[in-house]
Every structure is written in C-alpha cells, then in structure tokens.
Amino acid sequence: MADDEEIRSGIAEDNGLGENADIETVRKISKYRTIANELRPESWKACLAVTGKANVLSGFDELYNLPEQNEIRDKCESIVESLDDLENRLSAVSDLEAIITFYCKSKNLSFDPNNGWLEVLKPMLTMGYSRTDLYNVFYAFLSKYTPRECKKDGKPFHLFRLLLLYHDPELCSFLDTRRITPDLYAQTWFRSMFSSCCDMEVIQSMWDVYFQHADSFLIFFLALVILVNAKDQIVGMMNDDKESILETLQALPGALEADDIEDFCSLAQYYSSKTPQSFRMDYEIPLFGSTLAVQRHELVTNVAQALCLPVVVSELLQANQSSSQSDCVRYFLIDCRPAEQYNAGHLPVAFHLDAQLMLRNPSEFSTTVQALFATQSQALATGSVAAGEHLCFIGSGRDAEDKYLHMVVSHFLQRDVRYVSIAKGGYKSLHKLLENFLSDALKEHCPKNCLECSDENGSASSMASNSNLLDDIKKEKEQASNLINKWSSALKSKSAVMKDKVTRYIKNEGNQEQPRHVSSSDKVGKRYRNMSNVFSIGDDEDEEPMVAKNKSDKSEIVKLGVWLEKPEVTKYFECQHISRQDNQSFESFLVLTESFLFVLRVISRKTNQASVQAKRPLSSIVKITSNKKRQEIITLKYGVHDEANGLVINDVDRFFIPNASQATKHIKFAIMKVLDALEVS
Amino acid sequence: MAAGPYNYSYIFKYIIIGDMGVGKSCLLHQFTEKKFMADCPHTIGVEFGTRIIEVAGQKIKLQIWDTAGQERFRAVTRSYYRGAAGALMVYDITRRTTYNHLSSWLTDARNLTNPNTVIFLIGNKSDLDAQRDVTYDEAKQFAEENGLMFLECSAKTGENVEDAFLDTAKKIYKNIQDGSLDLNAAESGVQHKPSNGPRGANLGGESSGNKDPCSC
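First to last, the sequence lines map onto chains R and C.
Going by full-length UniProt numbering, the first sequence opens with residue 1, and the numbers climb by one from there.
Going by full-length UniProt numbering, the second sequence opens with residue 1, and the numbers climb by one from there.
Only chain C is shown next, with the shape it has when bound in the complex (with noise of 0.2 angstroms):
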C-alpha cells in the first residue's frame, strides 16, 4: 500500500536557476536520469523533474523546477520561487558572463523566496577544466561571503551533482530538525507525507484540526 507515489515522507521544492545554456536542465537530467544530454533544447518557461532521495533514514520527494534562463521568459519563472525550499544558481565555470550575473541571480532569490530557503552555488561544466574562466577560489570566496553553499560540478561526467542535490537536501533536513524552518508556514516548499511520518499533520498549510472528532 506504501507503493508508488506516496511511499516517502516529505516533499522538497528546489529551483534551478542561471543564465541561459549554463547547463541547469543538463543538471537535472542528470541527477534524475543519470545521463547526460548532449544537443539540448533551450528550455521554454519551466520544466520539472522528480527524484526521491534518502537522508537520514528518511525518503524525500524532491520535486525539481527548471527554469528557463533567458531573460524573456523571466516573468513566467519568477513565480516559480515562492515555495522553493532549495535553490540551485547555476553558472559556467568556462563563462565569466554567467558568473558576473550571479549576484541579480541571487538577489532574485532572497527577494523572492524565504529566509529559510537554502541556496547552493553549483559552477558546472567542471570537466572544461581546460577553458576555465571562473577560478575555484573565487567562486568559493562569493559563496563563503553570501552564505551560500558551493561546489563545482559536471553534469557531463556526473561530478558532483548527486552531491549538490543532496547537500541541499540534508541542509533542508537539519533546518527541519533544528526547527529553524517550520513547516507550518505557508510557502516553506517542505511537505509532509501524514501516512508515513511520525508527525502526522498535513504541513501543506491547510488545518485538519476543525474535522477532528476528539475536538469537541
């Protein structure tokens, strides 16, 4: 009975965002495929991928929006953040334009999703190692000063992506533990499966409480 769609016990909500052809639909095919898609179409306003993952013991859902990089289609996916636990921005570690666009990338993201939303910084197309034009170090730095997490990653050869996706995930995990996010607030991005978790709430925001019947 625990089969198929319901056999997890939370759902987080990630975003990928980044300039147009910094490879975020390549990430995402990558970590929920595990192949890499050469000769990929531009994506036209979002696409969404799915992927359950463990941590900690625990099955979790992550339900992966795409977005589409260039700038026309930029009011479509900022409706996209609300709601997203995790953020991956994305640049080309072989093109410093995608790097130097990061920090509206970022404002986009503290504006437009909440406090709590955890951001990592993903440098793909680390195996281009060759044609490099964004230093290690430097990103690192960026990220160490905006509080963001950081690794460089190939959506080519696999590198690092699987660690980027779960990263964020185990940092959304502790967040939960910690209780610095609540689940309870609108718009957390984290749902929580009732039938198999021990916390037994619908944490989608609406209250059962009203229909219960030990309440009168």
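Here chain R stands alone, though its shape is the one from the complex (with noise of 0.2 angstroms):
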C-alpha cells in the first residue's frame, strides 16, 4: 500500500497535477481509487472543477445580519471544534460563517442546522483551502452531488424506495411492512454523502472515489449497498419496534472503515450496472437540475406513486439490439396484452403472459408463470437473444387494461421477485418508437389489427389525455438513434470500471499482505488497457484473446445449453471462477449433480460452447468459505480428513457468485447428502 502510494505521487509530481488538471487527470492518476493524501485538495478541486474558478465571494457584502446568524456561528464554531488538528481554528470558524451566510444570501435560502451543509463542509475544511477555494468546492458538491428535496417525502427517497425494490423486494417489503420509509433513515446519508455519520478518514476515501466516477447517482447505490449488506440484521430486528430498527439503520454507515471503502465503492458501481438506467434520465433534472429546469419538468415525473422502477422502451430495444455478451441490464420481456393485442403485433423476443388469465383462470395463469420462469431460465442457458435476468413487464399503455398489468407486477412483486420493472407507456410507446420500421421491428404485426394502427388512422382524442407521454416520446424518437449510441457508450465505459474494480478487488480480497500489482514498470493507464482482456468474456470484440487461450487448455469442450439441461443436475449458479495463478477471473458456471460438483467454463455464450474446467466429488469438500467482507466470494476448499494430521487440504477453489447464499445452501445440502449416504453404507 505504501509503495503504492509512493509510486502515484511520484506520477503525480511528473504530471505536475495542479495547474491544468482536471477530473482526467486525476483518474489517470489515481485510477478511481482512493487519492494520496497530499493531492487529496487539488485532486478534489480538479473533480469537482473549480480549479481557477473565480472568486464569487468578491460580491459578499460581508455584513453578517441574517435573522439566524448566532445559529449560523454557533453551528460553524462546533463543528471547527470537533476537529482535531486544525491549525488555525479562529480563521475556519470566520471562513464557514462568511460561506454559510454568503451561500444562504446568494440562493435566498434560511439556514437550517439539518440541512447537512456544515457536515459537507467539514471535510473539506481539512483541506487547507482559500475561502474562495472552500466556497468553490462547497458551491460544487452542493450542486452536483446533493440531490434535491432531501426531506420528509422528497423524491430522493421515493426513488431510492424503488431502487431498493428492484434488487431487493423482500428487504423493500418487510421495510414499507414497518412504515419505515427511506426518507426517515437516510436523510443525513444523502444531505451530506454520509459526511455526518462517518469518521473523517472513511469520508475522505469515499469522496475521493465518488468524485472520480463524477455519478451523481452513486449515492443511491452506496444507500443501497449499505442496507442490502446489513439485510440479515435488519430482518432480524422483526420483533424489534419501529424506533429501534431506524436507529440501528442510521447508525449503518458508521460501521464502514476506510479500507472497505474501495469494495464498497466498486459494489455500488456493480449495483448501479445491474438496474435499468432510464430512471437517470427521468430523474437528473428533478434532483440535480437547475432551478429552472425543474420547474419545467415537474409536471411529468411522478415518483411517489410509481409501482416499481420504470424502463423507457428505447434502453428496452438498445438492451435486445446489443450482444448478447454485453453486460449491460439485459431483459426478459413480458407481454401482457390480451392475446389478440398480441397477436397483431409484439416485438419478437418478448414473452406472452395474459394478464386477465389471472382473473379468468388463475390455475392457467401460474402454469403460464411456471414456464415463463422456465423459459427465462433455458434462455439464458442458452444464451439466447431474448435471455434477461431483468423482467420488463410491457402493458399496452391504455388505462383499461393496464390495470391488469398492475395487477400482474404486483403479484411479482409480493412474491419477492427481484429485477422487476414496467415499460413506460406500454406497448404504444414501443409502437410510436418503431413507427418507420414496425413490420422489421415487430413480430407478426397485423396494421389492421393493431390498435396503435387502427387508433392512429382514427380520433386523436385519446392522445390528448397523454400528451406528455407522446411529447417524451416525440422527443425520445428524434434523438433516438443519438440517445442510443450515446447510451451504448456510457454504459459500456462505465461497466468496464466496474469490471475493473471488481477484477482488482478480487484479487486483493483476502491477500492483504501481497504488494498491490503495480511496479514501477507500470506506466500510468497500462492497468485499464490490459483489463479488457482479463474480462473479455464479457465483451464481443474482444472475444479473440479467450478463445485463443482457451485452445491450449487440455479439459473437455461441451455445449453449455445441453449440459445444464441434463437430467442429473440438480442444480447450477452463475458465477466468477478466479484462477489462482494469476487471480484472473472466468465467466463459469458451477453445476451439482448428486455426487459431482463441476466448473464449467464459458468459452462463448453465442455458440454455447463451455470447457469442464474441474469435477470434483462433493465428498472432496471438506470447507465452504465466504469473504467476511464480501459475502459472493466463496473459497471451496477440497482435502481428506487424514487420521494422522487431521484436515488436509490439497486444493482451494475460488468463485464470485452472484447469488452465493443461494448456492452454499445448495452445496451444503448436497455434500450432506452424499456423506448422509457414505455413512449408512
């Protein structure tokens, strides 16, 4: 770690961070990681760019005569006090009053001691800035990284209610179950980016990180991580009353220690990867837009009323045009249309599931969610274009019958399924969208059946009722291909990041005392270029390098569709097999039968081919181990209890599953199983 540090400041000083540098810099230089301390201040400045901004203060008055000005310095006073080495404390106290006063002058606002600014301040206060580079910096953050309406029933909160919905409904359910809502607990979290229930050494790793990624929406992950890490014990406060279980929740962050900041950083970027990410466009400018743009934009979102995350239908169709192997959100979708409605038209992928057969016959109707599950699963076995882990439910955007969706996502919902969302507008979105390509786009589509067809040669009276919908779709299909491209990008930079992070976090999970990998050969960036190809699994283009080592391997090719399908599995996960020579990590999937555990290898999900990498008998295993930090890494130790020297282990498995309690669960049991067996016989 040391050496490390040593090594990016040295860079650092080559690159003379200071005078020019700006957010790329930093990340060239610190790598989205936790930033040297003494290029912490500029770093910062650089990140949040108001390196050189000029001195908006000049226009302070300097008169100190706002109706709450004893709170404001009795507040700023304490906050000088509770750090420890601050040099010099009488000019931080006089810096923060002239900030709070100027900044609540400037905006109109009044100061509120909850309102989580000074707790924002303090941090930056250990930076030894000017009062210019202080407001600077303050003025920045407050803009960019606080989302607006952080209050009793803000958007936030109902945002981040949904969010927490999608990749955890059970944990949603028992929360809303209990009336304890988002905004009760995480108020502080977002005011001031966990600022106020931090240690200061925590706060400045996180920041360092959070303004590297630049995501103003980060912070609804790192929320989310945190809660979804502490699932167990919340559920466990079942008998708890309302007033216990908000405060072991507020307490939360306060557990988090610097080092666990980098994994707990890339574990928000990998959740963040994994959900739909149309909600950030619905959302950026009623949380961090300006004043104005929000004023524009309110008539349109309603976020306390959403049933569960919304999906505009271009990132649906984006998410089917691209590879299979891309790893952006991938979709299962959901017709739920009267068949008739399907009939005349649906997008060739998508899976028809009636919602009024539920009313009609429920017995049909949970037969039809049985192999919806089953088809779900086949495909992504498969690996076939329509394979989703993200179940997008697609209505037919008219009231009428939408309440038969409603009711069909709601019976999802209750039943704990996670990746759960709507397509906004239904299906007459998805018609608008594709109205110059619709008999390319659209299975079987019928004009003359098809109520879009027949509704748009016929009365526009039922478009007025949603004039904003088609304004936004308007909108969405001018910029459509733009938006696409544009989207395919961002999405694919961010999750190679997350990739990395993940891959780097791997291999330093649980080898504290191994030096980092970087040697003063390294040049700076040469780690990302050489990332792709540790995960190329994951990425078409890069595929070469795989198959071509893969051709060396001596371990037996099979079709990975048929193998999973095999009558003596039992059982099979997803997951991450990490090599231990070289810590790199491999798309695999673990298979049980009865006595076997086997690694498969994923060589290519497009011709379905996989390699048999290890069977090992279960009754090999003698020790199933979890990361304590990251409960998806799971080490599988294999030996013999030998009489003389006890437990021998002769050879360690590691894996990241995605789904890892799931799958010990299911390990265990089986090992139980065949040792139940060798016992009796």
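No wet-lab data here; the hints were simulated from the structure.
Idealized CB from N, CA, C, for every residue including glycine.
Check the hints yourself; a few may be wrong.
Computed spacing ranges between beta-carbons, pair by pair [said to hold, decoys possible]: (1) R/Pro-362 with C/Gly-21: 23 to 33 angstroms; (2) R/Ser-130 with C/Arg-96: 57 to 67 angstroms; (3) R/Asp-74 with C/Gly-147: 56 to 66 angstroms; (4) R/Glu-565 with C/Lys-174: 53 to 63 angstroms; (5) C/Arg-132 with R/Ala-258: 48 to 58 angstroms.
Hints in hand, dock the two standalone chains.
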C-alpha cells in the first residue's frame, strides 16, 4: 500500500497535477481509487471543476445580519471544535460563517442546522483551502451531488425505495410493512454524502472515489449497498419496535472503515450496472437540475406513485439489440396484453403472459408463470437473444388494460421477485418509437388488427390525455439513434470500469499482505488497457484472446445449454471462477449433480460452448468459506480427513457468486446428502 | 361439463379499500381461505381473490380486488374502482385515524364507481374490544347518514366476515332483480354467464346480436 502511494504521488509530480489538472488527470493518477493525502486537495478541486475558478465571494457584502446568524456562528464553532488537527481555528470559523452566510444570501435560503451543509464542509475544511476555494468546492458539491428535496417524503427517497424494491424486494417489503420509509433513515446520508455518520478518514476515501466517478446517482447505490449488506441484521429485528430499527439503520454507515471504501464503491458500481438506466434520465433534472429546469419538468414525473421502476422503451430496444455478451442490463420481456393484441404485433423476443388470465383462470395463469421462469432460465443458459435476468413487463399503455398489468406486476413483487420493471408507456410507446420500421421490428405485425395502427388513423382524442407522454416519445424519437449510441458507449465505459474494480477487488481480497500489482515499470493507464483482456468474456470484440487461451487448455469442451439441462444436474449457478495462478476471473457455471460439483467455464455464449474445468466429488469438499466483507466471494477447499494429520487440504477453488447464499446452501445440502449416504453404507 | 370455473351464473366484482394496516388483506384471506393470516405483509399494488357463494339459489363468483392502503399506490389502485359492483370500505376500530379517513375513501368510492355500487362499511378488529377507539354507535350513525351498510367484523376470529361479503352480494342481487342495476350498462361490475343463466346474453357489454342467425 505504502509503495503504491509513493508511486502514485511520484506520477503526480511528473504530470504536475495543479495548474491545469482536470478530472481526467486525477483519474489517470488515482485510477478511481483513494487519492494520496498530499494530492487530495488539488484532486478534489480538479474533479469538481473549480480549479482556477473566480472568487465569487468578492460579491459578498460582509454583513453578517441574517436572522439566524447566531445559530450559524454556533454551529460553525462546534464543527471546527470537532476537528482535532486544524491549524488556524479562528480563521476556519470565520471562513465557514462567511461561506454559509453568503450562500444563504445569494440563494435566498435560510439556514437550517439539519440541512447538512456544515457536515459537507467539514471534510473540505481539512484540506487547507483558501476561503475562495472552500466556497467553490462547497458550491460545486451541493449543486452536483446533493439531490434536491432531501426532506420528508422527498423525491430522492421515493426513487431510492424503487431501487431497493428492484434489487431486494424482500427487504423493501419488510421495511414498508414496518412503515419505515427511506426518508426516515437516509436523510442525513443523502444530505451530506455520509459525512455526518462516518469517520473523517472514511469520508475522505469515499469522496475520493466518488468525485472521480462523477456520478451524481452513485449515492443511491452506496446507500443501497449499505442496506443490502445489513439485510440479515435488519430482517432479524422483526420483533423490535420501529424506533430501534430506525436507530440501527441510521447508524449503519458508521460501521464503514477506510479499508472498506474501495470495495464498497465497487459494489455500488456493480449494483448500478445491474439497474435499468432510464431512471437517470427521468430524475436527472428533478434531482440535480437547475431550478428553472425543475419547474418545467415537474409535471412529467410522478415518482411517489410508481409501482416499480419504469424503463423507457428505447432502453429496452437498445438492450435487446446489443450483443448477448455485453453486460448492460438484459431484459426478459413479458408482454401482458390480451392475446388478440399480442397477435397483432409484438416484439419478437417477448414472452406472452395474458394478464387477464389471472382473473379468468388462476391455475392456468400460475402454470404460465412457471413456464415463464423455465423459459427465462433456459434462455439464459443457452445465451439466447431473448435472455435476460431482468423482467420487464409491457402492457398496452391504455388505462383500461394496464390495471391488469399492474395486478400481474403486483403479483410478482408480492412474491419477492427481484429485477422487476414496467415498460413506460407500454406497447403504445413502443409502437410510436418504431413507427417507421414496424414490419421489421415487430413480429406478426398486422396493421389491420393492431390497435395502435387503427388509433393513428382514427381520432386523436385518446392522445390528448397522454400528451405529456407522447411529447416525451416524440422527443425521444428525434434523438433515438443519437441517444441509443450515447447510451451504449456510456454503459460500456461504465461497465468496463466496474469490471475492473471487481477484478481488482477479487485480486486483493484476503491477500492484504501481498503488494498491489503495481510496479515502477507500470505506465500510467497500462492496467486499464490490460483489463479488457482479463474480462474479455464479457465483450464481443475482445473475444479472440479468450478463445485462443482456451485452445491450449486440455479440458473437455461441451455444449453449455445441453449440459445444464442434463437430468442429473440438480442445480447450477452463474459465477466468476477466480484463477489461483494469476487471479484472473472467468465467467463460469457451478453445476451440482448428486455426487459431483462441476466447474464449467464459458468459452462463448454465442456458440454455447464451455469447457469442463473441474469435476470434484462432493465428498472431497471439506470447507466452504465466504469472504468476511464480501459474501459473494466463496472459497471451496478440497481435501481429506487424515487420521494422523487431521484435515489435509489439497486444492482450493475461489468463486465470485452473485447469489452466494443460495449457492452455498445448495452445495452444503448436497454434501450432507452424500455424507449421509456414505455413513449408511 | 358445468365443472370448474363456469359453475356459476354471475360474477360480482368487489373492491376492498381503506387505510394501510386496517386488515383488508386479512379480511379477504379469512373470507376465501377461512384462515387468519398473522404477520401479513403489506400489500403491494393490488391482490386478488375469488370465492363462489350462493344467493337465492344462484351460484355467484365473487372476484375481489384487495388494494394497497398506502398512499403511494393510490395511482395504481384507483383504476380498480371502475367496474366494481361492491366496495368494502374498512377501518380499524382501535385506530381513530383510520376512521377519520373514511370520508376521503368514500369520496373516492363515490366518484370512481357507478351510482349503483353497493358500499359496505366494515369496522375491523372487533376482537380487540378493549382497545376500541371508535364506538359502534358512532360508526353506525356515519353509515346511516351516508347510506352505507355496516358491520363490525374480526378477520382474526372470523366474526361477521362472511356476513359482510354475503350481505353485499345479496344487496347487489336484489338490485339486479328489481332492475335498479342495469347489467347491460358498461362497468356494472356484474357479469352474467350465458351458459347456465336464464337470461342468455353476455352482459359484459359486448353484444352478440349481430351474429344471431335469426336476425336476417
């Protein structure tokens, strides 16, 4: 670690961070990780784009005459007192007071001790900034990273709840049932980006990473990771009263340590990459836009009343068109319209589940739902274009029928199914977006029977009520191709970074004594260029080296889909197999039969090929351990119980398993069965 | 051949409304399963249940929409009022706030359903008499003033639950008999099954008259 930091600061000197540094410079040097102490003040300024910014404070009348002036002064003093090693305390207090006062005056706001401003300023105060810099950094932070309406019943918390529902419906339902809404526990988290509840060292590292990512929405995923990590603890409090659950929740970030931060942020990135991206477009302006833009936008979105996360249809199409290898969110589309509408045109990949079947024939409905899940997992296993872990429900976009859609979606949500979303505007929007190439994009499209086609010819009355939505669509369509391209590149670069982080995390996990893999011979950025190879499994264009690598492997090549469907297979799990030699990770499947555990390494999803990397008798597994901090990382140890030497471990496998607790449960269960059988015989 | 889903002559649609936590889902569960659900999780959006009952010798299928009480789902739940023949409006006799909100629930119900929809007021949790916060007489008076049917029930013990659902159905059936509920009207909340019934027409709003061979 120490070496690493020296190297990084060495690079900094060479590059001369300071004069013209921008966020790219910082990223190059610090690689989205913690920033060396001596570089932090300038790096933060560079990331927040305030380097060399004018002295706005010169417009301050220097009159400290706000009605709440005394309170401001008191609070400034107590914040300065709480900092141990601050050199000039007196000037720090007066800087703070000037900044708060000027900010209030220029924005025409009144000071509220709970607004989080002082908590935001606290870490900045330790940077030794001049008053001007401090103000600029503070100002930039508030406008870029503090969501609007961080108050009771505020939009950010409704959005946060939707994200929680998306990723962990069970936890969301638990909290909802106890009437614990996010605004009750996460207000201080969002207002000060955890500054009020974590140690200074933790905050500095967190903000280092945060500012480099420059993603205003990351806070939502950080908060999500905190909750999801503490799920067992939270759900375990089912018999406690609301107040004590709230107290526990509020205190959760306090348990973070500086060492956790990089992993913590990587996980947040991971969750972000597993989330439909369209909410960002919907909420960017309401939460982070300028006041003027917000006023114009206000009418369009109704956050508080959404049943689940909405996805705009252009994102669905984009995900649908991208290669099956890309790791943006992939959808399994469920078309819930009545059969006659579905038959008059639908997306080729959409699974049909007639929502009204739930009313007409509940047992047939549940059979269809079972078929749906079977189709989904089969599609996933074979890498079909229709495959997707994320369920997106499409209705007609008409109120009369969408109530059945909502009923079906409620049904899934009530059963704690995660990754559930609704296509915004339904088939109506889809039809609109595809207007010019309907016959190519839709299957069995029959203009005569298609309700949307006949609507367009007929009256426009129904459109009036939906004018907002249609405006949206029109705008969308104009930008469609442009947007889609932008998105895909944004998603790609994001996921590349995320993958890099996960890999790096995996590499370092549990090996704290090993030096990081940076040596003086490394050039800046080299690690990045290499990363794509490490993770080439995910990206089409980088497939070549993977295949080449596997050619030299002597392991058996099999058809993945066929293998997973074998009758003796009792269970399988997607995972990343982490190689011990070089810590690379490979997209793999852990496959359980009654007596063996196989590791299938995916060669190509497209050609459906995999190699059998290992075949382990279940009886040889002597230990299953999970990483203390990251429970998705599971280590399997193989060996024998020797009379003389006790437990002898002769081999080890490590995996990153997204659904680790389920996987280990099943593996353990299978082992027990084998051991029981052995004992009997 | 009359087995399974078609073994009834009418479908009545119900909706259950009221504040969060008053026991709407438990009432439904008690009625359809005859069991009490302790630790019932909150309802997301809307749930759905059915049971076939008998009124005046006619088999009637009740199709019951159980809506989420939380304010956040109001946009979703509002769409279920339309086309309901019966609305069960529930409050919790141990929590006055849930009673105080009745007028706003009633406004919703009146505005969003048709004028013939039977509205039945239920004071739930009658087993918790010791913690009572709303007297029977007060609620009874409210019901009379607003022309509602009224009972106190307990989803836990099952007391009066059956009656509340059945009395609603009887009232709807009576409205059909005396002609005040027009089955041909859109969104009457009642469907007539042609195969068994005496009236022979699909009353879901779609006319089959044009296909009648005798019409030429």
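Okay, the hints, checked on the actual structure:
Range check, R/Pro-362 to C/Gly-21: about 27 angstroms between beta-carbon atoms, so the 23 to 33 angstroms window is met. For the hinted restraint 57 to 67 angstroms between R/Ser-130 and C/Arg-96, the CB-CB distance of approximately 59 angstroms keeps it satisfied. Against the hinted window of 56 to 66 angstroms, the Cβ-Cβ separation of R/Asp-74 and C/Gly-147 comes to about 60 angstroms, which satisfies the hint. At about 58 angstroms, the beta-carbon gap between R/Glu-565 and C/Lys-174 stays in the expected band of 53 to 63 angstroms.
In this structure the hint that C/Arg-132 and R/Ala-258 lie 48 to 58 angstroms apart at CB holds, the actual value being about 55 angstroms.
Hint violations for this structure: none, all hints satisfied.
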